[in-house]
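Use the sequences and the hints to build the structure in full.
Chains A, B and C supply the protein sequences, listed in that same order. Quick note on this note's numbering: the first sequence kicks off at 1 and runs consecutively. Quick note on this note's numbering: the second sequence kicks off at 1001 and runs consecutively. Quick note on this note's numbering: the third sequence kicks off at 2001 and runs consecutively.
Bear in mind the hints are in silico, worked out from the structure with no lab data behind them. C-beta atoms are modelled at their ideal positions from N, C-alpha and C, and glycine is treated no differently. Take these hints with a grain of salt, some might be off.
Distance ranges between label pairs, derived from CB positions [claimed, not checked]: (1) B:L1106 <-> A:L60: 37 to 43 Å; (2) A:I40 <-> C:V2035: 44 to 50 Å; (3) B:M1129 <-> A:L5: 41 to 47 Å; (4) B:S1134 <-> C:G2017: 38 to 44 Å; (5) C:R2090 <-> A:L60: 51 to 57 Å; (6) B:E1127 <-> A:A256: 23 to 29 Å.
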Amino acid sequence: MRGSLLLRLGVVAWVTALVALPVTVLVLRGVEDGPHAFWIAVSDPTAIDALVLSLWTAALATTINAVVGTAVAWVLVRWDVPGRRVIAALVDLPLAIPTLVAGVLLVALFGPQTAVGHVLIGLGIPVAFARTGIVMALLFVTLPFVVRAVEPVLEELDPAEEEAAYTMGATRFTTLVRVLLPPILPAVAAGAVQTFARSVAEFGSLAAVSGNIPHRTLVAPVYILGEVEAGNPGGAASVSLVLLAIALSLQPLAGALARRAGARHA
Amino acid sequence: MGIRVENLVKSFGSVRVVDHVSFEVRPGELVALLGPSGGGKSTVLRMIAGLEAADSGEVWLDGARVDHLHARDRQVGFVFQHYALFRHMTVADNIAFGLSVRKIPLAEQKERVATLLEVMGLPGMGERMPSQLSGGQRQRVALARALAPRPKLLLLDEPFGAVDAKVREELRRWLRKLHDEVHTTSIFVTHDQEEAFAIADRVMIISQGKLEQAGSPVEILDNPATEFVARFVGDVNVLPGVSRQGHVHVGRVSVPAEDPHPDGTAVNVVVRAYDLKFWREDGAGVATVRRVMTVGDRVRVEAWLDEVEAPIFAQFPRRSSLLHGVEAGCRIAVEITQARAWAVHAPDAR
Amino acid sequence: MHSLRRPTGVSRFIFLGVCAWLAALLLVPLGALCVNVASDLGHVVSVLSGPEALNAIALTLAVTLACIVFNGIFGVAGALVLVRQRFVGRRVLDALVDLPLALSPVMTGLAFLLVLGRSGVLRPVVDRLGLDVAFAWPSVLIVTLFVTLPFTLREVALVLEEVGDSEEQAASTLGASAWQAFWRVTLPNVRGGLVMGATLTAARALGEFGAVLVVGGSIANRTQTATTFIHGALEERQESAAYGMALLLAAAAVALLFVLQRRRE
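Dropping the structure here:
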C-alpha cells in the first residue's frame, strides 16, 4: 500500500510540475494586468483578424474533412480495393510527419519560385503565402481525425441494413441519408470537433506556408509568436487564453460525442 | 406471384457457389431451400432479391424477366438472418420505412404500422428501439418491416437461425399461420430439415451449389432422388452392402432392393433409424449392443455390426416389445424393413 | 458477414476520388519536395553535413531519446495510477494529462517562457541552483516532454484497461510480491502499448517546432533543433537547406509510420 501511495505522489508531482504549473502561470499572466489590459490585448485589430482567420479556416477545413474523411473511411471499410494498405498508411502519414514539414511540403510545391506556384499565381489563385495554403495545410495535418473516428463505427454497421433499405424500394440517396449516415453521425461529429480544435491551434505548418501577413494570412498562433518576439508576453498570454478557452470548451463536447459514437456500436 | 429461375450460376473468385440452378415456385406457395451451410442457398435467395448479380442465368417474377432490375425495383420483401433492423430508428419507424420511401401518406403509414404490430403480437412496442427487444421480437419486427409495403414475394434468409430453440419453434408455427392468412408467395432458406419439413409446401434441397431434389416433404422423405438427399434427410444409417439377385446384402442381413443394380455391385445402403428391427438373440445374432439411450418417448439403440464392421442404430417407441432384454453387451438380430441403395463410386473403379 | 467486394458504379467514382484526394494532398507535395532536393543535391548534402545542421540533428535525436525514456517510465507509472487506483482528484489528474493536446505549441512555449524565462516565476530558484535553463537545451527537453506527455501514458492505459488486473491477482495468489508481479506480469503485458507510445512520442518529439522555437530561440549550435533549423533556413531564404532537412524528417516519419502500421495489425 505504501508503494502505491508513493507511486501516486510521484505521478501527481510530475504532472503538476510539467503541466499544471506552466499552464497556471500562463493563465495568471493573461489576466494579471486586469480586465482592461486583457481587453486591449484581445481587441487589437490585428489580433481580432488573426482570431477570425483562424476560426473560419478551421471551420472550412473541418467541413471538407468531415465529408472527405467519411468517404475515405467508407472506402477503407467497405470495399476490396487495390492498395487498401497503402491508403490506410497514407491516412496515418500526417500523424507522423512533423507539422512544420507539412508546411514546407506545400511551399516546395506551390511556392512562388516553383513552376506550379507560378502558374497558379498567374491564374490568380496563389496557394503559398495565401489563405488557400492555410486551408490546405490544415486539411493535411487533420486528415486522420475523421477517418479514424468513423472507421470503427462503420465496421460495426451491418451492410445488410443498407440491403434491407434497397429491398424496400429506397434509392441510393435515401439509403445514404436515412440508413447509413444517422448511426455514424456522432462519430463524424467527434472527428470534426477534433479537427476543428487542432486547426485552431495549428502552428508549425502555417508558420511555413501562410506568409504571416497581418490582417490577411496571419493566424492566431503565429500572432502569439509575434507578440512574444516583440517583447509583449502579457498580450501574447491574453490572446492565448482565448484560444485555450476555445480548446477547453471543445474537449468535453468531443468526449461526449466519442462516447455516443462508441455507445452505438457497443 | 410466381417465380422462375433458370440456370443460375454464380462464382465468388474461383469458387462456384451456385451451379446451374433452375426451379419454379407457384403463386401462393411457401417453399424451403434446404441444405448444408455454405451450399449456396442464401446466394440463390439474394440473386432473386437482386442483392447479388448472377454470372449467368435468368430470374423471372410474374412472367417478367427481372435480372437487370435493381433490388429496389423488384418489390420483394426480404428478411435478413441477423434482422438488419435500422438500429437508430424506433420499431415503428423501421416498419414504416418501406412505406415512407414510397411516399405513402402519413396517416396510412401509421395505420398500417399499427395493424402490423397487432398481427405480429407486438402491440404498443412501436416506440421501442430495436436494442430493447428480445431476439424473437426483433425477428417479428423484421418480418413486419418486410411485409409492410405488401411485397408480391417474401424471401427469408435463415429467418430463425439467430433465436433459441423454443422461440424458433413458436416462430415457425406462427410463420405458417401467417402464410395461410396472407398467401404471399414465400421462399425461406434453412439448414434445419425439421424446420423445412414442418412448414413448407415444397422443399428444394441444395448442396454444393446444385439443386439435388425438389418436391413435397413426403416425396422427399419417401423417394430421395440422390444418395445425398437420402443421407441428408432424416436420421439414417449408411452401411456397406453388395447387390445380388434383386436384393442388397449387408453381411448376412438382406433386404429387397428398390433400385436394382447389376449383381456384385458394391452399394451404400441408406437405412432410416425407424426402418430397422432389433431383438435379443443370445449366442447368435449379427450385432452387439453398445448403448441404449432413452430420449423422451423414444429409445435409441446403438450397436456394432461385426461382420461388416460398421455401427448401426435404430429407434423404437419406448414400450416396444422388441426392446425386451436389449441391453448393452447383448447380441441382437437385425432386420432391415426398408432401405435404398446407391452404387459406390469407388475411386479405384474409375 | 459477407466478404469485401470490389466497388462498382458510383462506389468506384468515390474510390477514385478518394485516391485522387490523397495523392494531391499528400503524395504530390512529397514528390515536389523530393524533386526540389534532387535538383540541388550537392548543395543540400554540403549544408546538411555542416556543423550547424549536424548539431541540430544531434540535439533533436538526444531530446527524442530522452523523451522516450522519461515517458516510458512516467507513462507506465501514470497509467498504473490512473487505471488501477481510485483517489480524490483522479479526474483532475486525468484531465491534466490531456491538457498538452489542447494547447497550441506556441502557447506551450510561452507558458514555459513565463516559468523559466528571464523574468519567469521559477527564475530565482533556477538561478540559485546555478542552472542554465532558458535558451539552453534543458528548456528544449522540458517543452518536448510536455507535448509528448499524453502519448505513452494513454497507450499503456488502454492496454491496462483491456487486460484487467486478474493476472496480477493470480500472480499475488501464487506468492509474487507487488514488485515481482509488476516485472513479470504487468510490464510484459503492456509492452505493445509501450512500443506504440514510444513511436508516437518519437514522431512528435522529432517534429516539435512551435514550443521549441519560443523557449529555445533557435540559437545555432546551442538550442537549434531540426525543425527550428528548417525555420531559420526558410527565413534566410536558404530553401535547399530547409528542403533537405525537411526531407530527412519526412523520411524518419515514414519509417515511424511503418512501425505504427505494424502495430495496428
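Check: Of the hints stated earlier, which fail here?
Finding: Hint check: 5 fails alone, others pass.
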